[in-house]
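Asker: For reference, the chains in residue letters:
Protein chains: 4
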Amino acid sequence: MTTLAARYAAVRAHTEALAAPLSEADCQPQSMPEASPVKWHLAHTTWFFETFVLEPHEAGFRLHHPAYRVLFNSYYNAVGDKHPRPQRGLVTRPGLAEVRHYRRAVDERIAALLARAEGDAALAAALAPLLTLGLQHEQQHQELILTDLLHLLSLNPLEPAYREGPLPAAEAVPAGWIAHAGGLVEIGHEPAPGGFAFDNEGPRHRVFLRPFEIGARLVTHAEWAAFIADGGYQEPRWWLSAGWDWVGAQGVQAPLYWRREAAGPGPGALSAFSAFTLHGRQPLQPDAPVRHLSLYEADAYARWAGARLPTEAEWEHAAAALPQAFGHAWQWTASPYTAYPGYRPWAGTVGEYNGKFMLDQTVLRGSSDATPAGHARPSYRNFFPAGTRWQFAGLRLARDL
Amino acid sequence: MTTLAARYAAVRAHTEALAAPLSEADCQPQSMPEASPVKWHLAHTTWFFETFVLEPHEAGFRLHHPAYRVLFNSYYNAVGDKHPRPQRGLVTRPGLAEVRHYRRAVDERIAALLARAEGDAALAAALAPLLTLGLQHEQQHQELILTDLLHLLSLNPLEPAYREGPLPAAEAVPAGWIAHAGGLVEIGHEPAPGGFAFDNEGPRHRVFLRPFEIGARLVTHAEWAAFIADGGYQEPRWWLSAGWDWVGAQGVQAPLYWRREAAGPGPGALSAFSAFTLHGRQPLQPDAPVRHLSLYEADAYARWAGARLPTEAEWEHAAAALPQAFGHAWQWTASPYTAYPGYRPWAGTVGEYNGKFMLDQTVLRGSSDATPAGHARPSYRNFFPAGTRWQFAGLRLARDL
Amino acid sequence: MTTLAARYAAVRAHTEALAAPLSEADCQPQSMPEASPVKWHLAHTTWFFETFVLEPHEAGFRLHHPAYRVLFNSYYNAVGDKHPRPQRGLVTRPGLAEVRHYRRAVDERIAALLARAEGDAALAAALAPLLTLGLQHEQQHQELILTDLLHLLSLNPLEPAYREGPLPAAEAVPAGWIAHAGGLVEIGHEPAPGGFAFDNEGPRHRVFLRPFEIGARLVTHAEWAAFIADGGYQEPRWWLSAGWDWVGAQGVQAPLYWRREAAGPGPGALSAFSAFTLHGRQPLQPDAPVRHLSLYEADAYARWAGARLPTEAEWEHAAAALPQAFGHAWQWTASPYTAYPGYRPWAGTVGEYNGKFMLDQTVLRGSSDATPAGHARPSYRNFFPAGTRWQFAGLRLARDL
Amino acid sequence: MTTLAARYAAVRAHTEALAAPLSEADCQPQSMPEASPVKWHLAHTTWFFETFVLEPHEAGFRLHHPAYRVLFNSYYNAVGDKHPRPQRGLVTRPGLAEVRHYRRAVDERIAALLARAEGDAALAAALAPLLTLGLQHEQQHQELILTDLLHLLSLNPLEPAYREGPLPAAEAVPAGWIAHAGGLVEIGHEPAPGGFAFDNEGPRHRVFLRPFEIGARLVTHAEWAAFIADGGYQEPRWWLSAGWDWVGAQGVQAPLYWRREAAGPGPGALSAFSAFTLHGRQPLQPDAPVRHLSLYEADAYARWAGARLPTEAEWEHAAAALPQAFGHAWQWTASPYTAYPGYRPWAGTVGEYNGKFMLDQTVLRGSSDATPAGHARPSYRNFFPAGTRWQFAGLRLARDL
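Chains as they are written, first to last, in the working numbering: chain A, 1 to 401; chain B, 1 to 401; chain C, 1 to 401; chain D, 1 to 401.
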């Protein structure tokens with residue numbers, strides 16, 4: 001338990017650190033229904049521990065505040081009512097200080113529970129998986145805090161920066177292809193002592209793959225500029241039907257957050273654009289992986305490049321030897337998000353965590369530089385609707401052999 | 001100028017006082033596109049003085065911040081670009097402290113300008129009308145601060161109060177009718193030294209009125225409960241066609257902010273409801289004027305009561321002897337908001353203040369208890385679209401004689 | 001009664017004649033929710049006689065078809081349910097032949113009733129106003145048949161013509177102004193034996209007018225081209241706020257049905273455009289009155305021209321000596337559509353005819369060349385929402401003196 | 001070629017026969033953007049032959065009508081512009097007779113081309129696959145004609161019937177499960193001389209299946225009534241998240257076209273409902289397969305029943321021995337519609353046929369009683385968005401072993 005207590009403290013402190021540079025005003029608004037206020041992230045992750053750890057295991061459990069049960073429930077029907085999602089940014093009370101107080105109060109109660117579990121093996125055994133889940137959950141929200149904050153700040157004409165200074169320089173990674181023979185392979189999480197995976201990462205199962213090769217690095221800013229220069233956003237044959245409609249309806253001409261420079265050169269040159277980032281507006285580094293793409297764009301680019309997106313099975317099979325697999329950008333795959341053969345959601349209320357979203361979303365693999373340390377693994381399945389752009393999502397290519 | 005400087009200081013201080021009990025979080029969100037954040041109200045009223053007073057008259061004028069010119073422009077096309085109205089709540093920077101600094105900086109520059117005008121009669125003559133307009137403008141936003149704040153807090157399930165303690169007790173006013181003979185009467189603002197009116201209040205002009213009588217008080221909560229009890233919201237014949245569609249589409253069954261009591265009696269009894277107010281959730285006082293009505297509701301009630309709404313000419317003609325004319329609730333009239341005969345908008349950019357909105361809105365007369373002292377007058381024309389409910393708007397009846 | 005029977009026959013036959021050139025396919029679709037299928041117009045006008053004349057006065061009345069009571073009810077809540085308006089074009093059965101049979105069957109029953117009334121003075125007295133109303137109602141729908149048909153055909157890329165041959169040549173009318181002294185004048189319908197007016201045209205009442213002058217003809221195509229050439233659609237200061245939003249949201253750059261000629265000259269030249277008409281695509285005649293304008297456009301043009309729209313009282317007062325008052329284009333006024341002082345809707349179900357629409361619409365005066373003979377009069381009040389363009393609506397100017 | 005000419009004649013005649021009982025009015029409207037008018041189906045299938053067979057192979061090819069190229073293009077960007085899909089029902093000209101003339105004219109030109117191919121082996125070889133594709137395409141539209149017509153007639157309060165007489169009696173099929181061992185199996189179309197499949201049915205490829213069992217018949221009306229009686233539409237735990245939102249937003253309580261009987265028994269009893277069908281309103285036969293379900297409903301039912309939907313690989317592997325595989329109802333699967341490994345769209349313009357739709361749709365397998373004879377096969381992949389209900393779609397269950 002001591003290790004778990006330490007991990008708990010570290011993960012919770014990292015969340016606080018992410019929010020530390022922000023004002024109460026920064027933490028309040030919801031920039032679109034799909035995003036959430038930072039304050040809400042701070043509260044909801046705490047609600048998760050209160051609801052799924054304290055309530056079933058704390059003697060004499062009482063709600064920290066009766067209204068929080070509803071206010072900070074994201075989507076668990078079995079827990080009861082939920083505050084309407086698009087109105088999260090309108091809840092000004094509790095204020096940020098009260099939400100921080102809520103965090104500390106739950107932290108103290110968790111600490112007390114963990115102390116009790118030192119002498120209670122059954123309790124310790126029951127707490128471990130729930131606390132681990134709660135921490136993995138909080139790590140997901142750590143990335144969302146940055147994702148949602150970037151979206152919010154991007155709508156401010158003052159182009160404010162969350163972090164001072166220039167972006168770190170991107171390292172150039174050699175292009176190329178990594179070949180795989182395919183055949184009957186296994187993918188999915190293999191349970192092991194001390195290991196963790198979400199329910200949607202298993203069961204481990206066999207998949208038959210044809211021979212394929214996969215890109216040795218992510219697609220870069222410079223490559224994306226070539227796609228633009230070649231009229232990629234104007235040519236329907238590269239696009240899925242829904243993607244072409246989306247391009248037309250939204251008037252998309254570049255990745256989200258790319259901004260045309262007033263005195264830039266021709267439309268396709270990289271220097272014609274800069275990008276809004278967590279460091280404010282910054283030049284586009286040619287070798288950096290392109291990000292903030294929809295699946296529509298990633299898929300169109302792959303077709304333009306004479307390639308395709310990898311399936312998630314190909315990606316996972318190749319992951320061990322894949323440069324830039326983790327820590328740069330989530331990578332759109334060709335795979336719809338569905339249940340693995342034999343999939344069963346977790347028992348109980350947390351069974352709503354993943355399974356009920358397995359429709360009309362597409363899997364992303366890898367992780368981004370906004371993903372917290374220790375949260376990435378080869379079997380991890382991220383997923384978003386095809387038109388999603390505000391995530392740190394890019395692509396790598398694949399081809400049949 | 002001394003008097004004007006004192007008035008300036010007083011009005012500006014009153015705005016600050018209204019916002020004083022609020023946190024930075026409270027001042028940030030925009031609860032709907034028609035409403036604005038408190039922080040935006042604080043900044044926009046300052047922008048008004050900077051743009052329309054300082055810029056033309058201050059030697060060596062410089063913008064306090066270049067981005068504010070766009071950010072806090074409400075709707076003046078002639079001033080240039082405007083930040084998109086539905087995104088006002090997403091501007092977290094400048095923060096509340098910076099906006100307060102903006103207020104103080106402009107206040108100091110206005111003070112310096114006024115000091116200079118002490119010895120410059122031409123300047124003083126030029127400043128007086130613009131400053132007066134700016135203060136009247138700020139007073140309008142003082143009421144909107146409360147109106148918009150009430151709407152925001154009403155969406156919080158914790159039902160927070162802006163003000164502590166119970167509502168003041170409403171005084172019972174005798175019902176009855178006040179008769180007028182009509183004929184050719186004059187309405188509209190008559191310019192006088194030291195007087196002020198918005199351009200839409202003039203010119204003073206002749207209107208022919210038939211004999212009529214007008215209600216001696218506003219319609220009360222108790223009377224509204226009788227309308228509900230009689231099925232008023234279920235019977236199409238009381239409603240304008242657009243109103244009946246609106247009732248159906250919105251599922252309206254009571255004034256905005258009325259909330260059904262869990263264990264209340266029958267649907268029409270006043271005690272079946274309470275109301276969300278600036279004092280939090282409160283009982284409905286039978287004698288208090290009903291408020292937060294749309295024009296649709298006011299008009300339907302009048303028809304149900306065998307009466308009609310007064311025209312704005314009737315209201316203004318009768319105003320001198322009208323109980324509850326001011327300080328309780330804005331009163332919907334039967335008059336569309338149009339130009340008076342001979343109307344000319346103010347010259348220059350401030351000409352956009354009123355004239356361009358003269359379509360498909362309805363005039364309200366009087367004032368509410370949220371209207372700041374000194375801002376009400378018989379010729380004042382407030383106006384809103386027919387479906388507006390978040391204003392402090394009620395009604396009084398009228399009838400032909 | 002003989003005269004009335006003859007009028008009935010003539011009006012009903014005119015409706016048939018309007019539909020005669022159309023196929024069953026032409027009579028079926030509803031091009032937008034605001035328009036109706038020709039077949040629906042044929043049926044609804046018949047429903048009006050069945051519901052308001054036959055039902056109360058025919059011995060042993062039986063519905064022609066039980067479902068028609070609902071199917072062809074436009075908006076009379078007191079008659080009962082209504083088929084959803086946007087689904088009128090989906091009713092393929094009854095077919096056109098059945099609807100024509102419905103017309104004939106009701107015509108025969110009306111004829112029989114009129115024959116009975118020859119010897120029954122009380123019946124004759126009761127029938128006359130209802131039949132007259134039904135015929136006026138049918139005449140309104142005669143114009144709507146052409147209006148709605150033009151809109152439908154305009155959406156067909158084959159640009160089909162309803163009528164063969166070129167448009168009749170427009171006569172040039174001299175420009176100029178007609179001055180009026182104003183004062184206390186009377187407007188509104190004055191009841192007279194044998195006369196008819198809708199309830200909204202009365203009561204006759206006194207209005208005080210300032211001196212004004214009114215345009216001696218309608219604004220022409222050539223004048224409108226000058227407005228375009230001067231950037232009228234790009235300059236916000238000419239527009240009402242709602243109008244400017246509308247121009248931007250709809251991308252409006254010319255009157256409805258104006259089409260840019262492939263090889264046309266500069267954007268403002270009249271020959272850069274042609275127009276889709278009931279005669280198919282046709283050149284724009286410089287002297288012809290411009291039509292298919294929204295109120296927003298009419299109002300913006302007037303401001304650009306240094307003038308304004310006339311009020312409906314000015315128009316009616318001036319009508320007797322007004323060139324092009326009738327038969328060319330409905331003329332937008334500056335007057336919102338409201339009740340005249342002392343207005344009372346008709347008693348009974350037909351009271352829903354006009355009164356419940358008196359909100360957020362604007363009055364048009366005069367008549368168009370699609371208005372049937374005998375349906376125009378100086379007190380007539382047409383009305384539509386400000387964004388309406390598919391009506392035969394133009395404008396004339398007015399100015400204060 | 002003689003056989004092909006005969007098949008061409010037979011398929012084209014079947015389309016005509018389907019439309020034969022319909023009036024021109026019936027063939028005109030578009031009941032929703034996803035559906036098309038019967039007249040449009042008649043024309044578009046002809047356009048397909050004109051564009052993809054005649055144009056590349058007919059000497060001296062000329063368009064039947066220049067405007068039809070655009071008017072009847074469904075979604076082929078490479079062919080050029082398309083008439084806006086939601087406006088298909090507004091094209092009243094060409095009329096039905098002209099569209100029939102278009103059909104006959106193209107039929108004659110195809111016949112002449114086929115006659116020429118009798119002596120031209122290269123031409124014959126080139127024509128065969130295109131004509132076959134055109135006929136398969138027309139067969140798809142034959143089912144859509146009935147599907148879209150049923151939707152249109154269902155919106156008519158007169159509940160008109162397309163076919164006279166009662167529905168044929170449904171045969172009771174025994175319930176039960178058919179077990180399969182799984183393992184590495186092959187699915188997908190295996191090309192063979194004279195065979196046809198759409199590009200999306202191949203290539204044939206290996207898939208690893210776990211042991212499973214599949215329902216021995218389709219889910220019936222009686223079973224669906226039990227789901228309703230058990231509160232299936234009110235219990236979120238059976239539903240995908242998007243499905244639960246859909247149920248709430250649409251107020252869904254039963255399959256599309258089920259209508260509550262006025263004097264019916266309790267909400268879940270089968271006799272509480274009847275159904276609107278191509279035979280008009282009809283009783284629900286207990287043993288008949290339930291149809292007109294969304295994927296959301298099919299998936300929720302399967303979860304309620306302690307089962308799941310089969311994957312398309314399972315379905316196809318089991319198809320040879322599957323009762324009610326074809327001819328009753330399309331069967332929703334658990335499989336998103338994606339490219340098979342190694343999939344390549346057809347070369348040329350017809351490459352837009354299938355591939356660009358491979359996102360966010362779900363595969364249905366089998367066929368319905370509206371599918372024309374000869375159009376069903378085990379590898380056939382139908383696909384629709386999850387909320388689609390107007391197709392003849394039901395379900396069968398599956399379970400892991």
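It is worth saying that the hints were derived from the structure and are not from the lab.
All C-beta atoms in this analysis are idealised placements derived from N, C-alpha and C, irrespective of residue type, glycine included.
Please note: incorrect hints may appear among the correct ones.
As the list claims (entries may be wrong) - Selected chain B positions facing chain A (in silico; Cβ < 10 Å):
| hint | residue |
| --- | --- |
| 1 | L54 |
| 2 | E58 |
| 3 | V79 |
| 4 | L96 |
| 5 | A97 |
| 6 | T338 |
| 7 | G348 |
Asker: Could you work out which earlier hints the structure fails to respect and list their numbers in ascending sequence?
Answerer: Hint check: 1, 2, 3, 6, 7 fail, others pass.
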